[in-house]
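Got chain A; can you put chain B on it based on the hints?
Residue numbers (the working numbering), protein chains in the order written: chain A, 14 to 130; chain B, 16 to 130.
By construction, these hints were calculated from the structure, which means they are not laboratory data. Misleading hints may appear alongside valid ones.
[As the list claims (entries may be wrong)] Part of the chain A face toward chain B, derived, beta carbon under 7 Å:
1) Pro-56
2) Phe-58
3) Gly-124
Remember, predicted model here, so these are calculated numbers, not experimental data. The beta carbon of each residue, even a glycine, is placed where N, CA and C say it ideally should be.
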Amino acid sequence: GAGVSQSPRYKVAKRGQDVALRCDPISGHVSLFWYQQALGQGPEFLTYFQNEAQLDKSGLPSDRFFAERPEGSVSTLKIQRTQQEDSAVYLCASSPRTSGGLGNEQFFGPGTRLTVL
Amino acid sequence: AQSVAQPEDQVNVAEGNPLTVKCTYSVSGNPYLFWYVQYPNRGLQFLLKYITGDNLVKGSYGFEAEFNKSQTSFHLKKPSALVSDSALYFCAVSALSGSARQLTFGSGTQLTVLP
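Next comes chain A alone, as it looks inside the complex (with noise of 0.2 Å):
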């Protein structure tokens, strides 16, 4: 069956530069997690869906970032005039209970890399 799938996978955006990055999730699964993995760094908290609702968006780096899951599938990761240091791996993750990281494994797509120049 098909995972979980990103696109675009690379980015490149000149700085200032607003970019959407897209997540298509397992069908049926619940909860969809937001990850931003730095250079040689663990994938590091942004934000979590169950369904539509968006639960938690305490790790979102500034008011730059918004994401929206608007019918509780697809999500898209939108940044606005983007920064150097936003230049990451943004990972999507969904899992299919509602208590997606207390004892159920994530599911993890490829990621976008986004280089910002």
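Same frame as chain A, but now just chain B:
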């Protein structure tokens, strides 16, 4: 706050030898512990998890991990390493935090298995 430490950036082991990748954690309450593996240009793949019960957890590809509460450790092990095991390994912990069930990851350990 929860945290994970992977003290070794790099582990090298000869093929056929046992391997250990170390992980220690800090969390309030009962921990839920995970190991993920990351191959180049691919997403993280789940290996195994500890929730409760037996301290020795067996997972995919012959990997296992031992939960040690007194040492707050969750080291990843394999009795006989394969060249194909070479990859980046991440330990992660989760606990209830607000309304999220986020994973907190370590910084990763690059495992290289030498033929």
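* Is the interface hint for Gly-124/A satisfied, with its Cβ closer than 7 Å to some Cβ of chain B? -> Interface hint status for Gly-124/A: holds (6 Å vs cutoff 7 Å).
* Against chain B, with CB atoms and a cut of 7 Å, does the hint on Pro-56/A hold up? -> Nearest chain B Cβ about 5 Å off; hint holds.
* Do the numbers back the hint for Phe-58/A, that is, is its least Cβ distance to chain B under 7 Å? -> It holds, given that the least Cβ distance between Phe-58/A and chain B is near 4 Å, below 7 Å.
No hint from the list above goes unmet by this structure.
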